[in-house]
Amino acid sequence: MNKEVFLAQLEERLSGLPADDVAERLAFYAEMIDDRVEEGLSEEDAVAQIGPVSRIVEQTVAEIPMAKLVRERVKPNRRLQAWEVILLILGCPIWLSLLLAGFAVLFSAYIVIWAVLISLWAADTACGVASAGALAAGIACVCQGDGLQGLAIIGASIMLAGFSILLFFACRAATAAALHMTRAIAPGIKSRFIRKENVR
Amino acid sequence: MDMQLKRGLLDVCVLAAIKSKDSYGYQIIKDVKPYIQLSESTLYTILKRLETSDMLTVRSAEHGGRLRKYYHITELGSKRLEDFKTEWQEIVALYQFVTGEEDKK
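In order, the protein sequences belong to chains A and B. Numbering of the first sequence is given in numbering that gives the first Met the number 0, commencing with residue 0 and proceeding in unit increments. Numbering of the second sequence is given in numbering that gives the first Met the number 0, commencing with residue 0 and proceeding in unit increments.
Hints were generated in silico from the structure; no laboratory data involved. Treat each hint with caution, since some may be false.
Covered stretches of chain B (in silico footprint by chain A; criterion: 3 or more residues with CB under 8 Å from a CB of chain A, positions within the stretch not fixed) [what the hints assert, rightly or not]:
| # | segment |
| --- | --- |
| 1 | 31 to 43 |
| 2 | 83 to 95 |
Heads up, simulated DSS-like pairs for lysine-lysine below, C-alpha to C-alpha not over 27 Å straight-line [claimed, not checked]:
| # | chain 1 | residue 1 | chain 2 | residue 2 |
| --- | --- | --- | --- | --- |
| 3 | B | K29 | B | K84 |
| 4 | B | K5 | A | K67 |
| 5 | B | K68 | A | K2 |
| 6 | B | K47 | B | K18 |
| 7 | B | K32 | B | K5 |
| 8 | A | K189 | B | K5 |
| 9 | B | K29 | A | K2 |
| 10 | A | K2 | B | K84 |
| 11 | B | K5 | A | K2 |
Selected chain A positions facing chain B (Cβ under 7 Å, derived; list incomplete) [claimed, not checked]:
| # | residue |
| --- | --- |
| 12 | D19 |
| 13 | D20 |
| 14 | M31 |
| 15 | I55 |
| 16 | Q58 |
| 17 | T59 |
Computed from a prediction, not measured in an experiment: that's the story for all the values here. C-beta atoms are modelled at their ideal positions from N, C-alpha and C, and glycine is treated no differently.
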């Protein structure tokens with residue numbers, strides 16, 4: 000990839016950022032490439048040393064605070080007309096409540112995921128405790144002379160213990176997945192903001 | 000290395016790279032390279048951060064028919080480097096405490 004293609008790709012991928020910010024970043028990378036070329040590298044090698052555009056975009060997204068991205072995105076490209084402002088204010092009971100409802104739905108979906116996880120962990124704990132209880136009851140039965148029934152209860156307790164161990168691993172994997180998802184939310188939202196023009 | 004720790008150290012490294020004389024992006028990368036890994040995008044963020052916190056100033060100068068940005072350390076930047084030396088004494092003491100505690104076990 001030569002310098003021109005690299006810078007064009009970078010510009011396109013960063014198009015959601017403020018224009019002067021993008022220009023400054025592009026100038027910075029252009030200088031980095033020029034300095035390497037001056038040292039005797041080819042343009043292609045210089046670009047390769049700087050690394051793939053996707054990684055630069057990823058790091059840039061991670062470093063810019065969410066608030067700045069949102070502010071840039073929300074900022075209208077022109078001043079609003081008076082009638083637009085009036086419409087916005089008059090329409091506020093409709094759009095504001097819809098917006099809030101939308102957020103509420105997303106938020107409750109997220110809560111539901113964690114609620115399911117908590118129930119799974121509770122079920123697992125219950126199995127474990129029940130298994131220990133059944134084991135004690137089974138042993139008591141055997142001691143009291145009721146051997147057959149005692150053995151049956153001990154067997155059930157072992158089955159429960161096995162089930163609870165299996166469930167434990169399932170719970171752990173599900174929790175890890177949920178945590179992973181939670182961590183991915185912020186970068187996910189950010190990258191939507193940063194690439195507004197390309198998505199449409 | 001821990002990300003937070005590395006971030007703080009990188010700021011100081013970049014300041015150290017422009018301490019004796021003004022330097023430019025690629026030169027800073029080359030100077031710091033033997034000691035700590037520093038990518039272009041990270042350097043950009045650091046330079047911006049140091050500029051907004053008045054630890055360095057930027058000027059553009061012509062070089063080989065194009066403009067190159069040179070970074071100059073300010074008094075505040077030099078002070079940051081001095082502070083780093085004192086802070087490091089504390090970190091060394093902390094390190095000895097941590098390793099000392101481990102040896103006792």
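Against the structure, the hints:
With a cut-off of 8 Å between beta carbons, the segment 31 to 43 of chain B has 5 residues touching chain A; three or more are needed, and the interface restraint holds. With 0 residues carrying a beta carbon less than 8 Å from a beta carbon of chain A, the segment 83 to 95 of chain B misses the three-residue requirement, and the given coverage is violated. The straight-line distance between the Cα atoms of B/K29 and B/K84 is roughly 23 Å, inside the 27 Å bound, and the hint therefore holds. Between B/K5 and A/K67 the alpha-carbon distance is near 24 Å, which keeps this suggested pair within the 27 Å criterion.
For the hint pairing B/K68 with A/K2, the CA-to-CA distance comes to about 18 Å; that is within 27 Å, so the pair holds. Among the hinted pairs, B/K47 with B/K18 is consistent with the structure: their alpha-carbon atoms are about 17 Å apart, no more than 27 Å. Between the alpha carbons of B/K32 and B/K5 the distance comes to roughly 14 Å, so the proposed pair stays at or under 27 Å and holds. Between A/K189 and B/K5, the direct Cα distance comes to roughly 24 Å. Compliance with the 27 Å bound is thereby established for this hinted pair.
At most 27 Å may separate the alpha-carbon atoms for a hinted pair to count; B/K29 and A/K2 meet this at roughly 20 Å. Restraint check: the Cα-Cα separation between A/K2 and B/K84 comes to about 40 Å, which exceeds 27 Å; the hinted pair is violated. For the proposed pair B/K5 and A/K2, the alpha carbon gap of about 30 Å is over 27 Å, so the pair is violated. Against a cut-off of 7 Å between C-beta atoms, the interface hint on A/D19 is violated, since the closest Cβ of chain B lies about 12 Å away.
Evaluation of the A/D20 hint against chain B yields a violated restraint, the C-beta minimum of about 9 Å exceeding 7 Å. Hint status for A/M31 relative to chain B: holds, with the closest Cβ pair at about 6 Å, below 7 Å. Because the closest C-beta pair between A/I55 and chain B is about 5 Å apart, less than 7 Å, the hint holds. Annotation: interface hint on A/Q58 holds; nearest CB of chain B at approximately 4 Å, less than 7 Å.
Of the supplied interface hints, the one on A/T59 holds, with its beta-carbon coming within about 6 Å of a beta-carbon of chain B, less than 7 Å.
Consistency note: the structure conflicts with the earlier hints numbered 2, 10, 11, 12 and 13.
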